[in-house]
Amino acid sequence: MNHPNAELLLRFAEGETVPAAVRTHLAECEACQEQLAQLGKFEAQLATSSTMSPSERQALRAISVRTLAAAARPSRLRLVGLVAVAMAACLLATWSLWSSTHGLCDIGVRRYVPDNVVRAERLERFSMAVQVDAPRWLGLWQLDSKDSKRLMPNDDPLLRYLGAEMPLAAGSHRLPAAEVLDFEFASDQPPSSLLLVASTTELSASDLSAIEQLIATTPRPELLKAVQAKWFEARVLEFPAR
Amino acid sequence: MEATLLRDRTLIDRWRAGDADAGVTLLDHYVGYVRRIAMRLGVRSGSEFEEFWQDLVLRLIQQLPGLGERVRTSFAGYLAWQVRDLVRAWRRRRRHVVATDLLDPAADDGLQPDAQTAFWEALNDCSGQLPPREQAVFEHRFLGGLDLGEVATRVGSNANAVAQAVFRLVRRLRDCLTGKGFDGPGDLL
Chain A
0 MNHPNAELLL RFAEGETVPA AVRTHLAECE ACQEQLAQLG KFEAQLATSS
50 TMSPSERQAL RAISVRTLAA AARPSRLRLV GLVAVAMAAC LLATWSLWSS
100 THGLCDIGVR RYVPDNVVRA ERLERFSMAV QVDAPRWLGL WQLDSKDSKR
150 LMPNDDPLLR YLGAEMPLAA GSHRLPAAEV LDFEFASDQP PSSLLLVAST
200 TELSASDLSA IEQLIATTPR PELLKAVQAK WFEARVLEFP AR
Chain B
0 MEATLLRDRT LIDRWRAGDA DAGVTLLDHY VGYVRRIAMR LGVRSGSEFE
50 EFWQDLVLRL IQQLPGLGER VRTSFAGYLA WQVRDLVRAW RRRRRHVVAT
100 DLLDPAADDG LQPDAQTAFW EALNDCSGQL PPREQAVFEH RFLGGLDLGE
150 VATRVGSNAN AVAQAVFRLV RRLRDCLTGK GFDGPGDLL
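Top line first, the protein sequences correspond to chains A and B.
Heads up: the first sequence runs through residues 0 to 241, numbered per numbering that gives the first Met the number 0.
Heads up: the second sequence runs through residues 0 to 188, numbered per numbering that gives the first Met the number 0.
The set of hints was computed from the structure by calculation and includes no laboratory data.
Bear in mind that the values here come from a model prediction, so they are computed numbers and not experimental data.
Certain hints may be false.
Covered by chain B, per the in silico footprint, the following chain A stretches (three or more residues, Cβ under 8 angstroms) [said to hold, decoys possible]:
(1) 38-47
(2) 58-66
(3) 218-225
Short, incomplete list of chain A residues facing chain B, as computed with Cβ under 10 angstroms [unchecked claim]:
(4) 1
(5) 5
(6) 6
(7) 7
(8) 9
(9) 16
(10) 17
(11) 178
(12) 231
Quick reminder that beta carbons are idealized off the backbone N, C-alpha and C, glycines included.
Construct the complete structure from the given sequences, taking the supplied hints into account.
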């Protein structure tokens with residue numbers, strides 16, 4: 000008999016049923032056996048190279064569990080938050096609301112033109128409404144297409160958290176704590192987005208530096224993921240348009 | 000619906016409904032598969048893959064609301080696409096952080112790559128020398144785990160032609176790997 004075609008040979012290698020004549024041929028065909036041996040050795044190489052130790056598998060599983068747990072909490076909160084936010088939106092049409100895919104906060108950003116400034120100054124302000132379900136320290140950055148500016152913690156120790164007590168207790172909060180401290184920006188140069196980082200511990204100087212390094216070096220579309228690699232509860236919020 | 004797809008879609012639905020354990024179970028099924036593809040693309044085993052895995056899980060969480068609709072034919076196929084995309088994103092990101100691409104096998108991180116990493120680097124190099132069609136067959140067959148018929152459909156060919164390509168590419172890869180000092184499975188241990 001002629002050599003079986005490659006498909007039959009491969010199906011035989013995979014343990015599928017092939018005609019008896021093919022099996023008989025393969026038992027006597029050295030060239031066919033060599034081909035099968037090469038395939039078997041290669042698959043064994045791949046299998047060996049893909050082997051995970053139990054400890055590695057366990058470590059990866061722990062990462063899955065931890066990451067999913069961190070993301071699961073906010074989904075419960077999100078539901079509650081959306082309801083609250085929807086009610087607020089009915090009352091205050093000027094509030095722009097976002098709810099992200101995970102995190103511990105529900106957040107609203109309010110952009111407004113202050114009524115006590117000279118119109119020619121063309122300045123606007125914004126504040127935020129933040130809801131947390133457990134105590135959280137926050138960091139906030141204003142992002143432009145290229146530049147960024149840390150809004151909180153402020154370098155001035157007296158204004159470090161803009162009047163808010165950190166960690167924020169569970170519940171709803173205004174940031175900054177008082178309108179007089181609201182964030183200000185030139186009307187023709189509004190931020191493109193805001194980066195909010197929530198953490199169970201105060202962001203240290205090295206944390207702030209690491210986040211700012213990411214902001215400086217990571218393309219904007221990938222920034223959130225880069226920050227979330229360490230701070231799961233980070234959010235990037237689009238700045239509301241006028 | 001195929002049993003694996005049915006299982007995966009059920010787990011995705013439970014995960015979307017808030018059952019994080021279903022998500023963990025789903026990911027458990029595919030961690031070896033993801034690792035194989037990631038290593039083939041140059042991600043190193045150990046802490047680098049752990050970091051990669053975390054990024055991938057975060058990405059899946061972000062896409063979870065629409066995941067059920069995206070996975071129409073195979074979660075494995077969707078994952079493979081995500082892994083490739085994430086590796087590309089990693090390369091871009093790391094080029095911004097340091098001048099050296101850390102995913103470049105030639106980059107010196109001061110660590111000796113382990114045997115598995117070295118094998119995948121060698122395999123990456125060898126498979127890169129295959130003709131395009133054999134590269135596609137290699138990826139679908141040996142990394143994607145598709146059967147002959149599925150590979151044939153994806154490369155627009157028939158099962159016998161794919162089988163011929165399999166034997167041909169295996170011979171080429173074995174020769175190439177032997178030339179790089181990987182003669183058999185024992186070399187990896």
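These are the hints, each one checked on the structure:
1. Counting residues of the region 38-47 of chain A whose CB lies closer than 8 angstroms to any CB of chain B gives 9, which reaches the minimum of 3, so the coverage claim holds.
2. Remark: the region 58-66 of chain A is confirmed as covered by chain B, as 7 of its residues place a Cβ nearer than 8 angstroms to a Cβ of that chain, reaching the required three.
3. Under the rule that three or more residues need a Cβ within less than 8 angstroms of chain B, the assignment of the region 218-225 of chain A holds, with 4 such residues.
4. Taken as an interface hint, residue 1 of chain A does not check out: its beta carbon lies about 14 angstroms from the nearest beta carbon of chain B, beyond 10 angstroms.
5. Satisfaction of the interface hint for residue 5 of chain A is found here, the shortest Cβ-Cβ separation to chain B being roughly 4 angstroms, below the 10 angstroms cut-off.
6. Interface hint at residue 6 of chain A: satisfied, since its Cβ lies 4 angstroms from the closest Cβ of chain B, which is below the 10 angstroms cut-off.
7. Hint on residue 7 of chain A holds. Least Cβ distance to chain B is approximately 8 angstroms, under the 10 angstroms limit.
8. Checking residue 9 of chain A against chain B by beta carbon gives a least distance of about 4 angstroms; that is within 10 angstroms, so the hint holds.
9. Proximity of residue 16 of chain A to chain B is violated relative to the hint, the smallest CB-CB distance being about 15 angstroms (cut-off 10 angstroms).
10. About 12 angstroms separates the beta-carbon of residue 17 of chain A from the nearest beta-carbon of chain B, more than 10 angstroms, and the hint is not met.
11. Below 10 angstroms, beta-carbon pairs count as interface contacts, and residue 178 of chain A has none with chain B, the closest being about 34 angstroms; its hint is therefore violated.
12. Because the beta carbon of residue 231 of chain A sits about 8 angstroms from the nearest beta carbon in chain B, less than 10 angstroms, this interface hint is met.
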